[in-house]
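Those sequence lines, one after another, are chains A and B.
Going by our numbering, the residue at position 58 of the first sequence is 107; the numbering climbs one at a time, nothing skipped.
Going by our numbering, the residue at position 369 of the second sequence is 370; the numbering climbs one at a time, nothing skipped.
Keep in mind that the hints were calculated from the coordinates and are not lab data.
Glycine included, each C-beta is placed from N, C-alpha and C at the ideal position.
One or more hints might be untrue.
Unchecked claim - Heads up, simulated DSS-like pairs for lysine-lysine below, C-alpha to C-alpha not over 30 Å straight-line:
hint	chain 1	residue 1	chain 2	residue 2
1	B	Lys-81	B	Lys-147
2	A	Lys-66	B	Lys-98
3	B	Lys-81	A	Lys-66
4	B	Lys-309	B	Lys-30
5	B	Lys-18	A	Lys-66
To be verified - Facing chain B, a subset of chain A residues (Cβ under 8 Å, in silico):
hint	residue
6	Pro-56
7	Ile-105
8	Ala-131
9	Leu-133
One letter stands for each residue in the lines below.
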Amino acid sequence: MTVVRLPSPLYAYTNGKAEVMAAGETLTEILVDLDRRFPGLRFRVVDEQDRIRPTILFHLNGRVVRDLGERVDPKDEVQIVAALSGG
Amino acid sequence: MGRMKSPKILLLVGTRKGAFLYHGDVSRKRWRVDGPHLLGQIVYHLIQDPRDGHTLLMAAKTGHLGPTVFRSSDLGRTWKEAAHPPQFPKGGAESVKNVFWLTPGHASRPGEWYAGTAPHAIFRTTDGGVTWEGIRGFNEHPQRAKWKGPPENSPPDDPNTHSIIVDPRDPDHLYAGFSSGGVFESTDGGADWRPLNKGLAADFIPQKDPEYGHDPHCMRICPGRPDRLYQQNHCGIYRIDRPSDRWTRIGRAMPKEIGDIGFPMVLHPRDPDTAWVFPMDGSEAWPRVSPGGRPAAYVTRDGGKSWKRQDRGFPRKDAWWTVKRQAFTADPGRPVGLYLGTTSGAVWSSLDEGARWRLLAEHLPSITSVETGWRG
Chain A
50 MTVVRLPSPL
60 YAYTNGKAEV
70 MAAGETLTEI
80 LVDLDRRFPG
90 LRFRVVDEQD
100 RIRPTILFHL
110 NGRVVRDLGE
120 RVDPKDEVQI
130 VAALSGG
Chain B
2 MGRMKSPKIL
12 LLVGTRKGAF
22 LYHGDVSRKR
32 WRVDGPHLLG
42 QIVYHLIQDP
52 RDGHTLLMAA
62 KTGHLGPTVF
72 RSSDLGRTWK
82 EAAHPPQFPK
92 GGAESVKNVF
102 WLTPGHASRP
112 GEWYAGTAPH
122 AIFRTTDGGV
132 TWEGIRGFNE
142 HPQRAKWKGP
152 PENSPPDDPN
162 THSIIVDPRD
172 PDHLYAGFSS
182 GGVFESTDGG
192 ADWRPLNKGL
202 AADFIPQKDP
212 EYGHDPHCMR
222 ICPGRPDRLY
232 QQNHCGIYRI
242 DRPSDRWTRI
252 GRAMPKEIGD
262 IGFPMVLHPR
272 DPDTAWVFPM
282 DGSEAWPRVS
292 PGGRPAAYVT
302 RDGGKSWKRQ
312 DRGFPRKDAW
322 WTVKRQAFTA
332 DPGRPVGLYL
342 GTTSGAVWSS
352 LDEGARWRLL
362 AEHLPSITSV
372 ETGWRG
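Isolated chain B (complex conformation) (with noise of 0.2 Å):
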């Protein structure tokens, strides 16, 4: 994107009912929506390829049929459903339930991808997007079946695997993240797997201290800073600064009435100590929508130390929507624009950082996924 003199911004915007893609032009203000895209299937993610601008994944299944990708080579104007989608191999007990989330890979490294599925497994294209395999490393993995536990410890619609990160500087460096089973972390291009748990809390499980089963929520590397990774966490905000393998709780620093639980991790594209979380309520039943039903995003500008409330221009009472992990992101933009997607359908954008939100659209479906491209 660096690349472009005045790039605009792509919103690619998932749903539970299909795509939308929302043109803006060069200020940020003004968007020309386009869709739906594939109405009725169930978005998961949808992203652009950065390598080449002109590429759409997006990850789907409809309520009655099984999980696909499906591929856009011209922004949405045609899709092809993948040849071969993620699958394991036959012969075995598993099968895959749904494609959750998809991460370009390295920028070294045109059409390769990787997707995180249900049951826990990640699957790699190296042509686009067209055919996939198993990462056998992990979805082989002898401890594979320890990592994620039994099925009565996974969430009643699904354990998914998201957070599949590519460091920038060497494309065989990995981490992903399980709910639940935890962060795990591969240096070889994914032959081999070990878990990066420590300093995480998992209160819902019996063990002191287990080198696994933790829950991410939704874990982010820092582009101006890939040493650095944020996360948040199903018991907390957290930060880790390689080469320590130990997480530091940054969420305490939360007010205490809003508490450090939440979904979605939002990182500034350049500077690594700003980062916005969006807390949600997780006391007794889990009800997982704004607490008090007063929507604020919070932002940190010293890497965890502190947090600031940023709700101007949410609603300011009896709003009970919530932002999925894949539905808070940030533009490359000065000032970084930052968009959600909420439960109850609508977009929010802030083209100043989070001090101030304005409603981007709304009357959607559900929203499950929210991410940013561009276009020339």
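Chain A on its own, in the form it takes in the complex (with noise of 0.2 Å):
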């Protein structure tokens, strides 16, 4: 299991959690075990097209990844951004 950091949007879905556990090999893998348990949270971070959402970012152990096919250990750490506009 991984450790996966969430942006405060995301809370809604985690009923406040801002750190939960994810299974997978990868970050698409994590990103369906996450929907599993805490349905429609994916669909708010990548779209349809399985592309990450303009205003999502990932982090890989401190280091941005834009492909959900990257590889994660157990021992990594996942952390999703939400960068939010002004106003």
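Fit the two chains together into the complex; they arrive one by one in their own frames, and the hints show the way.
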């Protein structure tokens, strides 16, 4: 299981949890697992064509990752960052 | 609503930062606010199901997250997200950016709703908003790419599908408006669509009398005469009486210094000759504010032959707000009550069909939609 840190706009899906554990060997699998347990979460950060939404960034051990096929190790740390424009 | 003896009006207000419900008493003068609901969500549209009176559907997204639809089956006490919000089939190039418009389906089809999105597409649910599927007859129409034109033709904050209308006499007779693209009609439940733009000006594109490429802002069907539709367009105010396929520009009768540009269009629930608009400044830079900073509605009582200014109660000057296309509506009362929400976060109401306006609420976030519902 890999630790996934979430931005506050996603807390509504995780009962307020900022950090959850997820299973998977890639970011794609991690998201499938998250969506199974927290329905609707995936579609709000990844669109129907499996593209990361423009205002979302995935960090893997602090490094920005744009390919959801990137391999993830249980020791890794995934952080999802949501950018919000002003106003 | 006609079945209710003394219904109380429920005002559903969507804003850029959540939704607010205003519960009115029978006099429509006292209101209790309930909200915010889903604080922080950009609420594009919030509608009560007229067939059951307790279901609300909300088209929303936040600034950071993807678009979705929320559903309440208890008049807003609890909300649940759609299990399968509007989205294009996997494997294509397109993804839904906003769910912009919601329309309840025909009275004979409980649970059916339509949603209009950016980019231009129409989605339908038959289970009350839990799961949504694309209307393939439009979304995959071979002419659709031409109808919507190149991305450069679209407004920078997304080309929106709106004004989805179900003919109250025929659940398979549909209209929709696309900005830009024009008005389109289907007579087979959405399996096929054709442009319905004859008579509409489109002076922002080089083609003369194009078949499509127009910019309707808001289109409404007359409840009392469904062969009649009114439209506030980027290029004027229009009316059509079916089976004619040609729109007539009725905004020419507006005062020249005001013009006939605007976004919302509101119709009387019973009188097909009465309609309201809320003009905006469409001059050079398209500021889209009340002309001269002096807000006013305009009403026609003769199908658009003449218009009368209705500004009593509004600020007399220095008011530069805008009323968006979903943010002006009517209730079915006698006399009709009118309600509008402003980009400056105020809700105004009139209990005498626009003769006098009073402030119903203020200090809200910028208002995106105002609709009326009811509670027993």
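Going back to the hint list, which numbers does this structure go against?
Hint check: 1 fails alone, others pass.
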